[in-house]
Each structure stands twice: as structure tokens, then as C-alpha cells.
Amino acid sequence: MLKRPRREFFQVLSLSGGGYKGVYSLSALKSLEDAKHSLLDGSKGEGLRLPIQECCDAFLGTSVGAIIATGLAIGKSPADLLEIFLKEGSEIFPGEAGIGIGKARYSTKAIEKIIREIMGDRTFQDVEKPCFVSTVDAETGMPLLVGGWKGADIHFANTPIWEAVLASVSAPTYFPFRRFEFPLGDNENPDSNGWLVDGGLSANAPELIALSDLSKNFAVPLDNFFVLSIGTTSTLTKLDGPRIGRSKTKVWTDLLKPSLHWKSLKHFCLEAYIKALNHPTQGRRWGAIAWFVNGRTSLIELILKSQENAAVRVCGSIVPSEQYIRLDTHLPYEDRIELDDPRKHSALVKLGEKVVENELSPSSNVSHRIALFTGRRFNSHSAVVETLSLGN
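Residue numbers for the sequence shown follow UniProt numbering, so the first one is 1 and each next one is one higher.
Just so you know, not all the hints are guaranteed correct.
Stated by the list, open to error - Below, simulated DSBU-like cross-link-like pairs (lysine-lysine); rule was C-alpha separation at most 30 Å, straight line:
(1) LYS103 - LYS113
(2) LYS305 - LYS87
(3) LYS113 - LYS305
(4) LYS87 - LYS103
(5) LYS305 - LYS354
(6) LYS76 - LYS87
(7) LYS129 - LYS216
(8) LYS350 - LYS305
(9) LYS305 - LYS76
(10) LYS113 - LYS76
(11) LYS129 - LYS87
(12) LYS216 - LYS87
(13) LYS36 - LYS129
(14) LYS36 - LYS344
What the hints assert, rightly or not - Label-pair restraints from in silico Cβ distances:
(15) ARG122 - GLU88: 15 to 21 Å
(16) GLU334 - PRO221: 43 to 49 Å
(17) ALA219 - ASN193: 31 to 37 Å
(18) PRO221 - GLU139: 22 to 28 Å
(19) LYS354 - GLY194: 40 to 46 Å
(20) PRO51 - PRO176: 31 to 37 Å
I should point out that these hints are in silico values taken from the structure, not numbers from a laboratory.
Backbone N, C-alpha and C fix where the C-beta goes; we use that ideal spot for every residue, glycine too.
Go ahead and model the full structure; you've got the sequences and the hints to work with.
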């Protein structure tokens, strides 16, 4: 068991999954670091840069959130990681990808290369603060938290970070399953052969599944946790489209617009058919193909969204409300961003900046909690937060 940090709360940064939309999370973190602020006691520090790592006692991540969490844990800044995502996004999600019927849409070659370049040969024993990533055993259905910290005597502490992260990002239909070589004695389930998939299937917002482990390892009561949870934007899936002022001809004309990914007439026709099945006006009649193929309305995304919402809701009730912050942006259906679309990088960056700007404004009921989490008073925020302490 590790010695508890000196600060009043045990502060956790939790990062959700969402593919390339992790750019949104990184933009929000970078904006939070760059925001002008001063120390809570009013002393020097105006404009002082705020490394997010200084505010956190533990890092949690799922899928793309696992890349960000582990990157921060080894000392990378949000700006460093954002630059990598913006530069390499089209390599991970190339425009000529398939539609994921017979095999995964994308190879893991590019994303594995990037993850290994970021993490090197580090294991979780090389990180100073606890860091965990979530994944799921594809054979047993058991959720797994893989991670550790320097000196930790727990399962997976000696695991290479890049291997755990690659397992966490293996989203079904997008990337192939990942065969994970369990360190000797670390496999608690002898029936498992180590086939792991994206942790988003069980914990797209990983804070809920991780809090019990952190509470046990650090002897921290649940009401002593302070959680900053960051999403990757969310979109309402429409099952009923507009019925007024839109003819059937117009609907089918929209559906048959050429796709960026089609490589042959056969491919084009198949994709047009799938889009037709997935169109909101057909939602009530979806079958297996319609649910699974189109990323905008797929069963996979619905699973990720529904259990993420459940985790956020439950975590917000078991942790005192003043000690739980969730930053996310809800987009209308018409402005949705798919998790494999690097072309939307500018929109994601702006959305990340905007959510922080909004939440740090004097009118926000979250700004005082962010100030308490960071130990800083932001210039746009005038509330007195020193009085917010455990037991008050």
C-alpha cells in the first residue's frame, strides 16, 4: 500500500474513449493548462503554466484515453500528445479503409508504431503515480484494469505500457483483437487465452470501475476522491428523422452521394445500401447489418455511450457532487463527429477549447470545482474556493 498524498483529496484524472475524438480531450487539457490563473492564496503565479500532472494523484484511461493517460503519466504534456494526434491521425484512420463487414476496418500497424514511440520500453513500474488502463477479456467478458506505479506489488505492474494501451484501443470492428501475454502469475482467470478488446465495452468512462481498486490500494474512502473526468463529445442517435418538407427523392439523393471510402462500384453500392438502412428514417427497422456497420449509428457506439452515461451517473452519486467534474460536449445529430474522422481535427480542437472557456466563466457552477482541483484561481473566476474543503 502506498502512502497517501499530502493534499486533502485523492485527485484522479479519468479520460474516456472515443477514437480520434481524443483530440477534443487533449485540447481541453491543453486549454486548462494554458488558462491564465493565480495561486489560491493570491500570491505570485499570475499566468503561471499549470502542468496537469501536478494536480493528479492517479491517471485512468480507456481506449484513446489510455494513450493520453499513460502519456501524461510518463511526463508528456497535452500539447505534446495533441501534436502527435494531429500529425498522425490520418495514418491511424486512413480514408481508404473498408467498412468493417468481413474484417476490422483498420490495421493496428500505424497505431502500434505511434504508441510504441510514445511509451518506449517503459513498464508501469516506471511511472511515479498510479496509472491504469481498462480493457476487456473477449472470451470471458471480464473487465480488466492493467496498470501500476513505481514500487507497486500488484498484478500487471511489470507490464510494458505500450502492450496494455494497444489492448485498450482494440475497438471491435475498427481494430483487430489483441493477444495479450500475461506476465507470469498475473492471469487470474486460467480459462482466458489473453484475447483482449477495447475497454470501452465495459468502462468507456473508467473512473467507476477504478475507484474501488484505488480505494483499496490507497486506503481512501470514496468521499475523499476528487475526480476530473473528460469525455470525447457525444451525440444523440436519432431513430426518427424529419418527416416534413423532405421528399423521398431528396432522402435517397443524399444517401447516394459518393463516399470518400469507396473503391469500386460494388463497394459503392454496398455502402449506399448500408447507409440507407442506417438512415434515421429507417431506425425502427434496423437489422444486424444496419446496427453493426455504420459507425454513426452502430450498436458498438450505442454500447459505449450507454454504459459511459451509466458510469458518469453512478460515479457522480457515490463521489460527493462537489468533488466530481465531468467535461464533455453534446453535439446535435447534424454536427456529429465519427470516431475515425481525422478531417474534423479543427472542430475537435475548437470544441475542447470552448468547453474549458465555458466552464471557467464566472457563470459556470463548475468553475469553483476546477479551481479547487487545480489549486489555482482562474482570472475569469471570482468565487472564493478556499472555504470548499473536506467536511465543509
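| So which of the earlier hints does this model not fit? | When the structure is compared with the hints, numbers 12 and 18 turn out to be violated.
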